[in-house]
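Participant: Residue-level listing of the chains:
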Amino acid sequence: MEGIPVRARVYVACAALGALLCLLPLPAVRTPWWALALLAALYAGCEQIARRRFAGTFYPVLLAGAFLLPPPAAALVAVPGALLSQGAGVRRLWRAAQLALAVWAAARVHWALGGRDAVVAPDFPYALLPAGAAVLAFCLVLTVLDGSILVVAERVPARRAWRGLFLRSLAPIAVHGLAGLMMAVLWRSPYGPVAALLVLLPMGVSWWVFAQVHRERAAHQATIRALVQAVDIKDGYTRGHSERVGQASMMIARELGMDAERVEVLRFAGILHDVGKLGVPTRLLRKDGPLTPEERRIIELHPEYGHEMVRGISFLGEARGAVLHHHERLDGSGYPYGLVGAQIPESARVVAVADAFDAMTSNRSYSRARPVPVALAELERCAGTHFDPRMVQALVRSVARNGWHPAVTAEAPRPPRPRSTVVQR
Amino acid sequence: MSRRSRPLIHGSAALLVAVALLDTLRHGLAERPVALAFGALIALGEFTRWTGAPAREAAPLGAAGALAYALLGTHAGQPSHHGALQVVAVVFAAALLGGARHATRARDHLARRVLTVGFAACCFQPLYSRGVFDDFGGAAYALLIVALLTLTSLCDAVLSAALAHSRTGWPFAPLLRDELRGLLGIGSAVCATGAVMALAVAVVGLWALPVFCLPLLLTQLSFRRYAAVRATYRQTIASLARATEVAGYTPAGHARRVAALSVAVGRDLGLSGDELTVLEYAALMHDIGQLSLLDPVPAGATAGLPAAEQRRIALLGGAVVRQTGVDGSVAVIVERQADPCPEQPPAARIVRAVNAYEEKARGAGPGGSLKALEELRLGTADEYAPEVVEALARVLLNDRGGAQRLGQGAVKGLSDLGSGGVTHG
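Chains as they are written, first to last, in the working numbering: chain A, 115 to 539; chain B, 69 to 493.
Hint data in this document are derived by calculation from the structure and do not stem from the laboratory. Where is the CB? At the ideal position from N, CA and C, for every residue including glycine. Treat the hints with caution; some may be incorrect.
Output of the computed footprint for chain A on chain B, the stretches with three or more beta carbons under 8 Å from beta carbons of chain A [what the hints assert, rightly or not]:
(1) 201 to 210
(2) 247 to 256
(3) 271 to 279
(4) 282 to 293
(5) 313 to 327
(6) 347 to 354
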């Protein structure tokens with residue numbers, strides 16, 4: 115909690131005060147207390163399950179509250195669940211205040227547009243209008259507060275804090291809003307709260323699956339990393355290199371304006387480009403000193419070994435071509451196939467530049483690291499013969515703008531070796 | 069449960085459809101707009117059904133819509149008059165229009181859909197039109213609908229397990245257990261959505277359909293993504309398993325063959341779906357520890373090594389698997405594959421016996437398979453669990469033309485088995 119600056123605490127206190135102001139008229143309005151208590155308990159229960167099973171917040175209950183109850187009462191629904199949730203006190207207070215304000219705004223808009231009558235005597239499709247407006251208000255308040263706390267507490271530039279935040283959260287909240295509306299309608303119908311509770315089940319399942327997707331994806335990434343680690347077991351030098359080539363490939367792809375999915379595939383291409391070294395005898399990989407032509411030929415088999423390994427992984431797409439062809443040269447003097455110019459897949463041309471760049475800027479058994487500008491000049495000298503000039507230019511531009519900070523983000527299984535020592539190859 | 073149940077199920081479904089269509093043609097469609105709206109929803113559900121990954125319920129939206137139509141008693145406050153036979157006719161026609169005949173195993177899919185919907189409608193519609201439920205209060209009526217749906221989905225689980233049993237010959241009990249476990253996931257979402265749709269249409273009329281099919285469509289999409297992520301994950305694991313082959317530690321195809329045969333043995337021993345997945349992953353990666361060895365074991369045959377050395381390699385493998393982020397139980401199986409068999413978990417026993425069989429039978433020429441089995445039988449004291457060896461013998465014999473093929477060496481027979489049992493990338 116020491117990390118939270120004073121201005122952020124003051125800001126949270128202001129938000130909490132605002133939320134209290136929203137709750138203030140509570141004794142004056144006619145409130146169905148049992149419904150409020152049931153919804154609040156429901157929301158708190160959902161939050162508890164959510165904390166254990168998945169991330170994210172479960173909005174249908176809150177929105178159903180906004181469609182069913184008068185604004186101050188609806189705002190109160192969110193408070194117990196948020197206060198009982200996980201995290202430091204300030205965070206919980208902030209969460210409670212933020213949700214109370216957002217729900218209050220949604221309920222206020224819904225009330226003003228006559229949504230309550232449309233829910234009680236179900237008047238479709240008109241009921242969709244106030245509900246839609248309420249969802250917009252809810253989303254707007256949430257994102258404004260989310261962005262502003264980033265600006266205040268972490269001094270994130272305002273434009274970055276809000277960029278895309280609203281549009282990104284609108285679609286999921288809209289779906290939650292539809293479920294909330296259905297819940298509210300069934301709650302007021304002869305079938306009562308029992309039927310309303312049924313709405314939560316498919317939403318919960320959908321949510322669970324969503325969390326599973328994230329979990330499985332994380333496991334998947336770990337497996338890819340393990341593929342790289344398998345190389346590391348044989349060749350201590352390759353590891354950091356793979357990650358850095360992945361990063362450089364990503365920078366080039368971004369600079370060329372490729373879409374996010376392709377950028378990700380190229381990052382994988384960079385990470386996995388040397389995976390075929392698994393097939394090269396350990397003795398050769400760790401050999402200190404010059405290689406005989408015979409040994410060199412064996413090492414030059416690694417792109418084909420690598421392709422053999424990754425060709426079954428369909429999501430890697432064009433990264434597989436990059437693994438096979440990353441040692442081809444534009445003038446046809448590369449290997450394994452001696453392809454020329456445009457015959458070489460674009461992905462392979464990207465990875466080739468990234469690979470050479472990192473090879474020059476990091477320590478090798480036969481040479482010390484060269485400074486980045488020297489390496490870039492060397493790449494430009496070889497552009498057109500070895501490398502595609504477009505890729506080289508993209509790397510030069512990207513490094514000029516962002517600099518080159520090879521951060522190996524993946525947790526290293528052992529402490530990184532000091533950079534000054536010459537790593538055994 | 070007889071293996072001949074499949075023609076029986078298909079026959080009764082066809083009979084039901086024929087009667088329903090004749091009856092509907094004679095009497096005409098009652099309440100056309102409702103029938104058309106539900107028909108469109110079911111057709112949409114079938115149309116957006118996912119293909120590829122074997123899913124328990126491939127078209128949840130279609131299933132929920134069909135169940136809701138079967139249990140629809142009131143429409144916007146007015147009692148409805150469609151009978152059970154009309155429900156079956158509409159569901160069948162809509163499913164056909166939505167392209168259900170292109171689904172994988174289309175006849176099973178259609179038969180299941182028609183019979184479950186027929187069951188629900190026959191339970192509900194005659195009693196409803198006779199006014200049996202008139203005295204029920206709102207909440208009791210909602211609970212009745214839920215109870216009926218639960219009963220229906222239990223029937224569906226039995227039906228689909230019987231179909232799978234009759235199609236594949238795998239034991240019925242684990243199949244049924246898998247189906248029942250599936251009810252907790254997407255099954256419960258389908259049931260709840262069916263109930264909510266039936267009740268919501270009763271309250272607000274047909275507007276409830278588009279409002280509520282959106283959340284379920286989302287569930288369906290996220291399930292599809294889940295299946296896709298799982299599929300790529302499996303491919304990556306298979307590639308990681310090939311690492312030892314590319315590196316020259318084990319012969320080509322060894323991991324894949326051990327995995328296919330292990331899954332077949334596990335199924336014969338009654339393991340359920342999740343356990344089979346864990347077993348498959350562990351079998352694929354059982355040799356990964358060899359990557360840590362400087363010199364390859366001759367021909368990758370670990371079964372002939374001293375027990376201490378086997379255990380050391382197994383522990384190294386477990387360490388690699390732990391880093392891959394796969395489920396922890398996979399790592400446990402890999403690291404305990406060389407323990408004395410009374411102390412092993414069942415899956416590790418299977419991997420150990422199947423691996424030893426594969427190594428002994430490989431390249432032993434004609435009769436090698438029988439000789440290998442005999443060696444396993446003699447070695448059962450502490451190494452190979454007798455029940456696993458017997459299951460292995462059964463699996464090898466049951467394979468199509470098994471007896472004859474056993475003489476030809478197991479490799480060919482096993483590749484067939486692999487394509488039938490497990491899908492690899």
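Participant: Would you mind marking each hint as holding or not holding in the structure?
Facilitator: Results for each hint:
no.	hint	verdict
1	201 to 210	holds (count 5)
2	247 to 256	holds (count 3)
3	271 to 279	holds (count 6)
4	282 to 293	holds (count 8)
5	313 to 327	holds (count 3)
6	347 to 354	violated (count 0)
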